[in-house]
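K.L.:
From just these sequences and the hints, can you work out the full model?
Taking numbering that gives the first Met the number 0, the leading residue of the sequence shown gets 0, the next gets one more, and so forth.
No lab work stands behind these hints, which were simulated from the structure alone.
Just so it is clear, CB atoms sit at the ideal spot from N, CA and C, and this is done for glycine as well.
Be aware that one or more of the hints could be misleading.
Claimed, not checked - Pairwise CB distance ranges (calculated): (1) Leu116 with Glu67: 20 to 28 Å; (2) Gly12 with Ala119: 37 to 45 Å; (3) Glu66 with Trp115: 15 to 23 Å.
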Amino acid sequence: MTAPGISPDSPGGRPHAEVVAGALVRDGACLLCQRPGGSNMAGHWEFPGGKVKEGETLEEALRRELEEELGIEVSVGERLSTLEYSYPHLDITLHLFRCGEFEGEPRELYHTAITWLAPAEIDRASLVPSNLPFLDILPRSGEDIPSERP
Numbered sequence: 000m001t002a003p004g005i006s007p008d009s010p011g012g013r014p015h016a017e018v019v020a021g022a023l024v025r026d027g028a029c030l031l032c033q034r035p036g037g038s039n040m041a042g043h044w045e046f047p048g049g050k051v052k053e054g055e056t057l058e059e060a061l062r063r064e065l066e067e068e069l070g071i072e073v074s075v076g077e078r079l080s081t082l083e084y085s086y087p088h089l090d091i092t093l094h095l096f097r098c099g100e101f102e103g104e105p106r107e108l109y110h111t112a113i114t115w116l117a118p119a120e121i122d123r124a125s126l127v128p129s130n131l132p133f134l135d136i137l138p139r140s141g142e143d144i145p146s147e148r149p
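P.N.:
Listed below in structure tokens is the structure:
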């Protein structure tokens, strides 16, 4: 049996998951979350989000994940980037969305820690590898996030 959100039908027969992440920006800083112990890549930082469940749109999945993991309700904006990434155990299609205003204050309901960092302050070595390309689309000042490029 395949885990929820993971399909066995990616090219090459490897497990595949659709994953969403949110770019939440406050005062020029992005919200990053530290993966908890016992999880894949524990201790690494990531943009908040998670796997899309069957029947969900990408936007619905992102709203659900941010409510479950951070206790906030977000306004999901435009898609900023989509990329393919292969972990040793799983292929993913990862979608980064601009997140507008949100209700509530982000809390560590799932993650070990959360922090707000300007893009220039983010340590590339501590970020999960699938999130690294996102740093290239974030402005170094963190003032605004450009739209997805064709």
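K.L.:
All hints are to be evaluated individually against the structure, with a verdict given for each.
P.N.:
Results of checking the hints against the structure:
{"no.": "1", "hint": "Leu116 with Glu67: 20 to 28 Å", "result": "holds (23 Å)"}
{"no.": "2", "hint": "Gly12 with Ala119: 37 to 45 Å", "result": "holds (41 Å)"}
{"no.": "3", "hint": "Glu66 with Trp115: 15 to 23 Å", "result": "holds (19 Å)"}
When the structure is compared with the earlier hints, no violation turns up for any of them.
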